[in-house]
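Number of protein chains: 2
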Amino acid sequence: MEDPLPGYEGKLRELLESKGARVGCRIRITRFGGREIIEGLLMPKHAFSSPYVVVLKLDNGYNIGVEVREDTSIEVLECRTPPKAMRIKLAPRPELPYVKVIGTGGTIASKVEYETGAVKPSMSPEDLVELIPELMDVANIDSEVLFNILSENMTPYHWQVLAERIAKLITNESFKGFVVAHGTDTMSYTAAALAFALQKLPCPIVLVGAQRSSDRPSTDAALNFLSAVLTAVHAPFGEVVVCMHATPSDTLSLVHRGVKVRKMHSSRRDAFQSINDLPLAKVDPISKKFEIINKRFIPRASKDELVVKPKFDDRVALIKAYPGFQAEIIDMLVDRGFHGIVIEGTGLGHIAENVIPSIKRAIESGVAVVMTTQTLFGRINMNVYTTGRKLLQVGVIPGEDMLPEVAYVKLSWVLAQTRDLNEVKRMMLHNYVNEINYVHTLELYPRWIEL
Amino acid sequence: MEDPLPGYEGKLRELLESKGARVGCRIRITRFGGREIIEGLLMPKHAFSSPYVVVLKLDNGYNIGVEVREDTSIEVLECRTPPKAMRIKLAPRPELPYVKVIGTGGTIASKVEYETGAVKPSMSPEDLVELIPELMDVANIDSEVLFNILSENMTPYHWQVLAERIAKLITNESFKGFVVAHGTDTMSYTAAALAFALQKLPCPIVLVGAQRSSDRPSTDAALNFLSAVLTAVHAPFGEVVVCMHATPSDTLSLVHRGVKVRKMHSSRRDAFQSINDLPLAKVDPISKKFEIINKRFIPRASKDELVVKPKFDDRVALIKAYPGFQAEIIDMLVDRGFHGIVIEGTGLGHIAENVIPSIKRAIESGVAVVMTTQTLFGRINMNVYTTGRKLLQVGVIPGEDMLPEVAYVKLSWVLAQTRDLNEVKRMMLHNYVNEINYVHTLELYPRWIEL
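Quick note, the sequences are listed as chains B and P, same order. When you line the first sequence up against the numbering used here, it's residues 443 to 893, in that order. When you line the second sequence up against the numbering used here, it's residues 443 to 893, in that order.
To be clear, the hints were calculated from the coordinates, so they are not data collected in a lab. Don't take every hint at face value.
Stated by the list, open to error - Cut-off 30 Å, straight-line C-alpha distance, at most; resulting in silico cross-link-like pairs (DSBU-like, lysine-lysine):
no.	chain 1	residue 1	chain 2	residue 2
1	B	Lys751	B	Lys642
2	P	Lys802	P	Lys642
3	P	Lys751	P	Lys618
4	P	Lys731	P	Lys753
5	B	Lys832	P	Lys453
6	B	Lys453	P	Lys753
Stated by the list, open to error - Partial selection, computed: residues in chain B whose CB lies under 10 Å from chain P:
no.	residue
7	Leu532
8	Ala533
9	Phe589
10	Thr613
11	Asn614
12	Lys724
13	Val826
Every residue gets a Cβ at the ideal spot worked out from N, C-alpha and C, and that includes glycine.
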């Protein structure tokens with residue numbers, strides 16, 4: 443049997459044992475003579491916390507450490523035995539389309555094992571239907587777990603494996619669409635990577651995540667996931683998209699073009715927003731309504747048109763311009779054999795003039811240098827000011843209105859195909875999957891404050 | 443006499459001369475048998491353009507190159523002689539407050555010399571009043587040009603010179619407020635730098651710029667400048683702020699806290715927006731109305747309270763996390779003797795786990811490492827996920843809700859005062875000038891799209 447109180451030691455452990463507490467129990471801690479009362483689920487402790495601290499998962503989903511003092515009392519409110527999952531084998535419903543769900547990790551479609559406190563992927567069709575019963579009426583789900591990693595640990599290598607797996611499934615099977623469950627930290631990078639790696643898609647590839655894990659009352663996992671499956675089934679486009687909460691309330695999801703979306707908030711459920719483009723669609727998961735917002739989409743292609751170019755060059759850096767930027771950083775990257783550098787410049791695409799000699803040397807050494815802007819919104823225009831013109835003269839490739847992160851992914855993808863700088867420039871300026879939007883309308887800029 | 447057609451050569455020059463054209467003339471170019479007509483001011487050419495190209499400044503302010511072909515006709519519409527500036531010496535009006543204007547460069551309060559096409563600073567009180575006659579009724583203007591550089595070329599050294607100059611003026615003279623004319627590319631960095639360098643201010647320091655140069659019909663220079671002077675006079679706060687267009691129309695300016703503002707668009711006039719905080723005030727320059735929006739401001743201090751700490755460490759780097767981030771970049775910075783690194787991490791403050799050993803080594807070598815988030819909005823919270831906790835364990839300093847750029851400026855400022863990592867941590871977490879906002883309300887997040 444596993445330790446019911448992992449990480450707890452000494453007097454605190456004795457106290458918890460005397461109350462019959464184990465990890466997963468709901469407990470109440472009372473301190474300061476009743477002036478502070480904290481309730482939550484008892485969680486395992488990691489090795490570095492103080493021996494006097496109890497770790498609780500609060501109802502808002504956050505874990506906190508509570509110090510147990512002389513005047514602290516602990517009460518066990520409930521020790522649920524986790525319900526045995528219904529292991530009903532779902533029978534396929536031939537009238538419904540098939541959707542493939544691929545797990546890569548992250549907080550969506552995961553379960554906390556109350557025995558260990560660990561968050562484990564829970565991606566079987568049965569698990570998903572248990573979490574979201576509405577799925578049964580939308581599609582037949584087929585699922586697999588490809589990775590189980592935190593999204594901050596995704597690399598260009600994972601992009602390739604994922605792209606190759608989906609390419610194989612597209613070629614050999616007949617899914618109406620794909621849903622990729624992904625951690626939100628780097629979801630937009632993976633979306634852009636898949637968009638370049640897999641073109642002329644016969645069906646949408648919908649990345650979906652959750653900002654709050656599915657064991658939290660405020661979880662957005664179910665709504666996002668149902669919306670993603672609805673998109674996989676109903677979307678007329680063959681694009682890689684991100685499907686996430688539109689607003690903080692549980693009413694609507696937005697489907698963003700994978701090469702035009704960015705995580706814009708560290709914690710809100712509506713963190714993902716389109717930049718320099720309209721979202722492609724909105725989805726009402728309650729009424730199961732899917733509606734196109736942006737008519738400039740790439741329609742589903744036929745299966746045999748699929749273009750697969752799944753490789754990425756991992757010797758590309760994304761660096762940021764700032765006052766005092768040290769030109770030696772460029773020199774170091776060149777000397778270390780980097781193949782490409784994307785600069786997140788200022789304004790219309792600038793960096794300090796004293797950096798230009800190092801950029802010139804980089805390009806002369808065969809390193810591709812692409813300019814984007816840290817304003818995120820808007821387009822670069824390197825013809826307006828002297829600095830921009832000088833950068834163009836030494837061979838910097840202007841990144842149009844591409845997000846710095848998308849330009850990074852695209853340059854990694856381009857450099858895996860060619861190192862010829864003329865060809866690199868041609869490909870960076872070629873618009874493959876609407877990663878460049880040539881027409882910006884006023885409503886693409888957010889309304890920042892009620893005036 | 444200067445060349446009237448600088449950069450123009452050969453047949454094209456002969457053609458222009460035969461029409462009596464010189465730089466500054468308004469000309470009309472007709473091509474494709476009349477199907478394309480372009481009008482604009484003839485501009486000088488730089489050395490790298492094709493010999494067949496005429497450079498025009500369009501009415502929208504952009505310069506374009508137009509190729510002159512066989513079927514192209516050129517017509518000179520007008521060759522104005524630039525009006526002689528009225529050299530009226532302004533008499534001070536003793537009933538009005540004194541405002542000090544400091545020029546650093548950028549497109550605000552500059553004139554295009556039509557003889558050379560160069561944009562020159564034009565910052566004398568007379569120039570300013572000529573541009574914005576309304577100023578005469580608001581304040582007595584005293585002005586000086588401290589630098590004349592493009593803002594992408596600003597460095598921490600310039601921040602110091604500017605801070606020391608303002609400190610001296612505050613100590614020795616009695617201005618109601620300061621207006622600093624600044625290029626927009628790095629204006630928010632300079633605002634943050636001044637905010638840390640000059641605390642307990644007896645008056646506001648208002649940075650102002652223009653997204654369109656003052657020779658363009660769509661210039662925002664006059665409105666922004668008048669709003670900035672109104673702020674300098676009327677603001678109850680002693681803070682460093684940025685005053686810029688609130689909307690694309692010429693009706694309202696917003697005053698943003700210097701440590702909570704960011705240029706969010708490469709070209710729009712309302713590019714500057716507050717992030718994670720409300721703007722401090724709004725200004726209607728037409729009715730000359732100044733109104734506080736955010737009551738959490740730092741009031742004007744008395745003159746003798748001024749705290750001057752104008753130094754910055756220029757061995758600090760701001761780097762960005764991305765999938766495939768190469769840990770060797772951290773190693774290189776440490777080996778090159780950098781003193782501090784600000785990471786623009788993902789989500790709640792993460793970077794790939796395989797980078798942690800290099801971060802650990804950096805901190806063990808005495809390099810301060812601060813975590814922020816590339817989502818810009820929201821706060822980091824490194825206690826939620828394993829990666830964050832591991833980063834905290836090796837000594838990464840959590841950057842709260844500070845913008846990556848502000849954390850970069852602050853760390854440069856802190857490291858100029860101490861290299862002791864415990865003290866660096868204490869200072870980075872200390873809230874000096876409301877660079878940390880502990881309470882985020884829902885309305886701080888923009889409304890992205892009309893649903």
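Hint-by-hint comparison with the structure:
{"no.": "1", "hint": "B:Lys751 <-> B:Lys642", "result": "holds, 11 Å"}
{"no.": "2", "hint": "P:Lys802 <-> P:Lys642", "result": "violated, 37 Å"}
{"no.": "3", "hint": "P:Lys751 <-> P:Lys618", "result": "holds, 22 Å"}
{"no.": "4", "hint": "P:Lys731 <-> P:Lys753", "result": "violated, 36 Å"}
{"no.": "5", "hint": "B:Lys832 <-> P:Lys453", "result": "holds, 26 Å"}
{"no.": "6", "hint": "B:Lys453 <-> P:Lys753", "result": "violated, 51 Å"}
{"no.": "7", "hint": "Leu532", "result": "violated, 32 Å"}
{"no.": "8", "hint": "Ala533", "result": "violated, 38 Å"}
{"no.": "9", "hint": "Phe589", "result": "violated, 13 Å"}
{"no.": "10", "hint": "Thr613", "result": "violated, 26 Å"}
{"no.": "11", "hint": "Asn614", "result": "violated, 28 Å"}
{"no.": "12", "hint": "Lys724", "result": "holds, 7 Å"}
{"no.": "13", "hint": "Val826", "result": "holds, 6 Å"}
When each numbered hint is compared with the structure, violations occur for hints 2, 4, 6, 7, 8, 9, 10, 11.
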